[in-house]
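Throughout the sequence shown, residue numbering follows mature numbering (1 follows the signal peptide of the UniProt record, and there is no 0), covering -31 to -1, 1 to 413 in sequence.
No lab work stands behind these hints, which were simulated from the structure alone.
Every value quoted in this text rests on a predicted model; they were computed, and no experiment measured them.
Accuracy of the hints is not assured; some may be wrong.
[What the hints assert, rightly or not] Here are the simulated SDA-like cross-link-like pairs (lysine to any residue), alpha carbons at most 25 Å apart as the crow flies:
id, residue 1, residue 2
1, Lys297, Ser24
2, Lys360, Ser24
3, Lys18, Gly221
4, Lys297, Lys18
5, Lys360, Ser407
6, Lys18, Arg356
7, Lys102, Ser24
8, Lys102, Pro153
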Amino acid sequence: MKHRGRHRRRRRGAALRAALAGTALALTATATIVSASQATVAEDPGALKPLTSTSDTAPLQLREHLVPRRSLDRLASAMGGTVGVADVLAQADHTLRGAADCDSDDRDSLPVTPAATEAYCWDPADTLTDDWKPASVTTSSEADDDGMWGANRVVLAGWTHSTATGPAASRGLARVAVINANNPDHPSYSWVLLTVPSADGSTYRGLTSQISGMAWYEDKLLVTTTQGSADALYVYDLNRIQRTSVLTEAIGRVSGGWSADGFRYVMPAVGSYRFTAGACSRTGAPCPSALSVDRGTAPDSLVLGEWTPAGSDQHARLWRYAFDESPKRGGLLATDASGRADAVEAYRTGASEIRGVLSYRPPGATGSEWYVGHLPGAMDGHGSLWRQDAKGARAASCGSDTSHRCWGEGTGSLSYAPDTGEVWSVTDRMLFSVPLNSIDASLR
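I would like the entire structure built from these sequences, with the hints used as guidance.
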């Protein structure tokens, strides 16, 4: 990828000081934690309201659209076959740096309360400009209950290119950092560009979409799409990663081989899900902004959160779909004979601008707790992380004004790892994890 002039955004929040002790990161506020424009205590989103009527749940129905296998096989054959995650990890050519080696601006973006226990900033070559930004994360702990993908522990981070800046050929594209997390002291990664194959499998185009949500279950990766799109989710197969042979800005078949905007790997979509009610809107089908996997339900389920603007009178929806238990449909949603998937649980929440969502059922509990991360109305500065259920909501407090804006700055999606008890997320500058029990202990 091309190197461009370095540019760092100015931060309005006052600086935090970070110290690394062993592998645990402790953050201590030595100045005002939030600026005056952020000092207002975030509005309590209140209790979750169950949605049970057909009029409420019908707009959540999806229809599955799978790419014909013969088209995928044709493309793979023309490109020299497929590779797996392990092959991509073996060629990792980028390195994550531990928090102690990151800029203060990077560390300032981390949560105030609770503190991150693992935190990393990206290879400087990937942050020379603000054209590409991370927004979503998922891990092999969502994909498989032992937390491993084959012999590797893996983290995937989704990035989207700006639609207004940078080279025209790159605008709006989506890429995934495939991170080797076997050694937390020396994580490394490679890039894979997300693509969409042509109907006949003769070529592919780049996926031009804001992948604000991403979930990895079995061998499938599900990602959110641009708001207003007819497609609600795109589906990728981690066993169908393919190598490019020409490093140019073009995407697809080119003279001399295959290109992907300078990336060495591509992953073509194997399907998508569309709302039967049509493209997302404020009054009809929702606009998914966050995804995660819940392995505490039977069967396992995909959890979603909706994006709504701050101050909107339309409360956001949280809902889930069951995964199919058939071995022949690994990683796909459970559908009826017509290929339709219905939500198996749904709620309204008072939270707006949702960027992350988790559902977790504590041992012995009769219901699930929902964790919702959202941004301040100004779309700048630290956000809030609320735990909600049918009784109410709680969030951490920080600062002399007892603000609830204690979560990360510009924080994206959430991913829970049941085998380690960690919650992974990304700010617009760093990748980090926090133990779920630390989140619960911080709630007031």
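Here is what the structure says about each hint:
With a C-alpha separation of about 33 Å, the suggested pairing of Lys297 with Ser24 is violated against the 25 Å cut-off. With a C-alpha separation of about 24 Å, the suggested pairing of Lys360 with Ser24 holds against the 25 Å cut-off. As the CA atoms of Lys18 and Gly221 are separated by approximately 46 Å, the hinted pair breaks the 25 Å bound. With a C-alpha separation of about 36 Å, the suggested pair Lys297 and Lys18 falls outside the 25 Å cut-off, and the hint is violated.
Under the criterion of a C-alpha separation no larger than 25 Å, the hint pairing Lys360 with Ser407 is consistent with the structure, at around 21 Å. About 14 Å separates the Cα atoms of Lys18 and Arg356, which keeps this hinted pair within 25 Å; it holds. In summary, the hint linking Lys102 to Ser24 is not supported, as the alpha carbons are separated by about 37 Å, beyond the 25 Å threshold. In summary, the hint linking Lys102 to Pro153 is supported, as the alpha carbons are separated by about 22 Å, within the 25 Å threshold.
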